[in-house]
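Model the full assembly from the supplied sequences, consistent with the hints where possible.
Protein chains: 2
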Amino acid sequence: MSYFRSVIEAMEGYIPGEQPRNGEYIKLNTNENPYSPSPHVIQSLRDHLSSHRISLYPSPLGDGIRKKAAEIYGVPEDWIMIGNGSDEILNLIFRAFLGKGDVVMYLYPTYILYRTLALFQEAEYQEIPFTYDETLPMELIDRPAQLKVICNPNSPSGTFFPIPQMEKLLQVSDCPVVIDEAYVDFSRDNCLSLLKTYPNLLIPRSFSKSFSLAGMRIGILFAHPEIVHGLLKLKDSYNLSCLSQVAAMAALEDIDAMWENVRKIRETREWFTRAMRELSFTVRPSEANFVMVQKGGGNMRLLYEALKSRQILVRFFPEWPDLLRISIGTDLEMKTLLNALYSITGA
Amino acid sequence: MSYFRSVIEAMEGYIPGEQPRNGEYIKLNTNENPYSPSPHVIQSLRDHLSSHRISLYPSPLGDGIRKKAAEIYGVPEDWIMIGNGSDEILNLIFRAFLGKGDVVMYLYPTYILYRTLALFQEAEYQEIPFTYDETLPMELIDRPAQLKVICNPNSPSGTFFPIPQMEKLLQVSDCPVVIDEAYVDFSRDNCLSLLKTYPNLLIPRSFSKSFSLAGMRIGILFAHPEIVHGLLKLKDSYNLSCLSQVAAMAALEDIDAMWENVRKIRETREWFTRAMRELSFTVRPSEANFVMVQKGGGNMRLLYEALKSRQILVRFFPEWPDLLRISIGTDLEMKTLLNALYSITGA
Numbered sequence: 001m002s003y004f005r006s007v008i009e010a011m012e013g014y015i016p017g018e019q020p021r022n023g024e025y026i027k028l029n030t031n032e033n034p035y036s037p038s039p040h041v042i043q044s045l046r047d048h049l050s051s052h053r054i055s056l057y058p059s060p061l062g063d064g065i066r067k068k069a070a071e072i073y074g075v076p077e078d079w080i081m082i083g084n085g086s087d088e089i090l091n092l093i094f095r096a097f098l099g100k101g102d103v104v105m106y107l108y109p110t111y112i113l114y115r116t117l118a119l120f121q122e123a124e125y126q127e128i129p130f131t132y133d134e135t136l137p138m139e140l141i142d143r144p145a146q147l148k149v150i151c152n153p154n155s156p157s158g159t160f161f162p163i164p165q166m167e168k169l170l171q172v173s174d175c176p177v178v179i180d181e182a183y184v185d186f187s188r189d190n191c192l193s194l195l196k197t198y199p200n201l202l203i204p205r206s207f208s209k210s211f212s213l214a215g216m217r218i219g220i221l222f223a224h225p226e227i228v229h230g231l232l233k234l235k236d237s238y239n240l241s242c243l244s245q246v247a248a249m250a251a252l253e254d255i256d257a258m259w260e261n262v263r264k265i266r267e268t269r270e271w272f273t274r275a276m277r278e279l280s281f282t283v284r285p286s287e288a289n290f291v292m293v294q295k296g297g298g299n300m301r302l303l304y305e306a307l308k309s310r311q312i313l314v315r316f317f318p319e320w321p322d323l324l325r326i327s328i329g330t331d332l333e334m335k336t337l338l339n340a341l342y343s344i345t346g347a
Numbered sequence: 001m002s003y004f005r006s007v008i009e010a011m012e013g014y015i016p017g018e019q020p021r022n023g024e025y026i027k028l029n030t031n032e033n034p035y036s037p038s039p040h041v042i043q044s045l046r047d048h049l050s051s052h053r054i055s056l057y058p059s060p061l062g063d064g065i066r067k068k069a070a071e072i073y074g075v076p077e078d079w080i081m082i083g084n085g086s087d088e089i090l091n092l093i094f095r096a097f098l099g100k101g102d103v104v105m106y107l108y109p110t111y112i113l114y115r116t117l118a119l120f121q122e123a124e125y126q127e128i129p130f131t132y133d134e135t136l137p138m139e140l141i142d143r144p145a146q147l148k149v150i151c152n153p154n155s156p157s158g159t160f161f162p163i164p165q166m167e168k169l170l171q172v173s174d175c176p177v178v179i180d181e182a183y184v185d186f187s188r189d190n191c192l193s194l195l196k197t198y199p200n201l202l203i204p205r206s207f208s209k210s211f212s213l214a215g216m217r218i219g220i221l222f223a224h225p226e227i228v229h230g231l232l233k234l235k236d237s238y239n240l241s242c243l244s245q246v247a248a249m250a251a252l253e254d255i256d257a258m259w260e261n262v263r264k265i266r267e268t269r270e271w272f273t274r275a276m277r278e279l280s281f282t283v284r285p286s287e288a289n290f291v292m293v294q295k296g297g298g299n300m301r302l303l304y305e306a307l308k309s310r311q312i313l314v315r316f317f318p319e320w321p322d323l324l325r326i327s328i329g330t331d332l333e334m335k336t337l338l339n340a341l342y343s344i345t346g347a
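As they're listed, the protein sequences go chains F and A.
Note that the working numbering gives residue 9 to position 9 of the first sequence, counting from 1, and the numbers run on in steps of one.
Note that the working numbering gives residue 130 to position 130 of the second sequence, counting from 1, and the numbers run on in steps of one.
Since the hints were made in silico from the structure, they are not lab data.
Being a predicted model, the structure only gives us computed values, none of them experimental.
Even glycine gets a Cβ: it sits at the ideal position worked out from N, Cα and C.
Calculated Cβ distances over 10 angstroms to all of chain F for the following chain A residues:
#1 Glu134
#2 Arg301
#3 Asp331
Which stretches of chain A does chain F cover? Using the computed rule of at least three CB atoms under 8 angstroms from a CB of chain F, they are:
#4 79-89
#5 226-235
So the derived list for chain F, only partly shown, Cβ under 8 angstroms to chain A, looks like this:
#6 Arg53
#7 Gly85
#8 Arg217
Spelled out as structure tokens, the structure:
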């Protein structure tokens, strides 16, 4: 017999993503940034270790980060919450707004965590088919729900929905709307400007992609203070370590370094997209640090495995076997991948 | 109107503990360790910053920590789970085992988080009055529940329940039993030896107290692999930052440094307890890194405030106004506190 809640018992076991630690792979599977964070981040971490005590609890609310982020993003401090990665923020949001039988709606395919979090809450998840254009499906806008979530740009496709589309969704929806901007720094625009007008808008972001800090687990949420206040009730008191807080602060202090890395990745994304199309892959227009590639609807598992045997990891999702998601690495990494593809496909 | 689940809406707002950052206080309010962690921890963090990329996701399961902890504690690796502090582990446990209306039982007063976590799950919490002796109340042992939790040693009293008491609870209870050993390194014994025999036993521990790593947010759980497997379904994929993992590993590698700090704190605790009793305070026998003090059942708020005005922070709980919880600091800090008490009470 099991002591677990039946919903947990019925779920699939957890399968950690492939995170080989020995550096023998070209890692294009989990959307990490191939460039280092600002040297100011590393220096600040070193300085902190010299001058501060890591035996003391960290700031519960991340006061320094909130202050700096408020300055940079033009949002008041009490509209900001820090998280142990944006995963923790999503986790708190689902627990805060969804009870048993409540409805959460999102496009599909998307970040698979949304479904997992809905299951934990015993909520009903309605997955609206993604149409791969820049128009939101009418059902997502019109239908009632207790929570709506859009990943913008979306994963695994990289599709970016223009702001007026989002505004329509916010106007019509009488529930919290999460616009998950984990990848937004790689896009042409973002939804922060909508925040003041729409009290039902929540914007989580991640420091794992554009800021090159996946190892430090840093997320940030922008939302109205009433929302932040409610979510803080659920948050563990000390959710972000002192060193992660130092890293986040330093990354914001040298935000130009992030933008320079983003610029390089966007450039690489553009030429790599063209090269893949020349190899007869279908590549969706992406505004993230990855691209989704397909080939005539065929199953991509063999290609994924062939690349892996050549020490190149890309992302194959068993749930969507007709696509691969390829993170944008350095120019050299992407050229190595292309050469492997030439060799595998005989092109 | 509010979008929050009614149970969240009805809860009190979050009040972060006092964590003054400017170092002007003697901090005896949140059970931090006054001594530094092993120098090997700081050196390992420095080395990691020189040689590794913090732009990559950390190990999902904390492979290195599990391996080292397995070696030290004599428990197989898959009986171990890492957490972002033991608070995260408790959080996962409550979510895994408690649905709406289920019963969680614990002694009271104790760690206040248990009640908060029960509320989030809409579970019924049964608080069994704590009797301040070393015998568990019969109701806790006999009555059915979906989850039972004992903090051993308990907070705020420091009371340690002997292992045979715990074994009785485990034998009779047909539900998961959490023995929260956050403070156990300061005690005469622990419950790890019961683990093999009782598949319903879960033992979370913290690196915040004995290991002097409160800033790094590290928790560890020991439980049967079926329990660990189920909890991992709920855990965020990357819940512990790369640097927190490095710190945990290094702390385990030089565990003697921890034991030396524990030895000093236990010595200080003993003479401080005697000194407080000489000042006519009632001090419960404590096996943790804090003591609970009372004075004839009187309200302790004024004393707390008088100490705070002298730059000494101890813990006053509005819920239990007749007691103060005082963390054990260095000998000098405790002498300064005693001098302040002489001066305040005119003794």
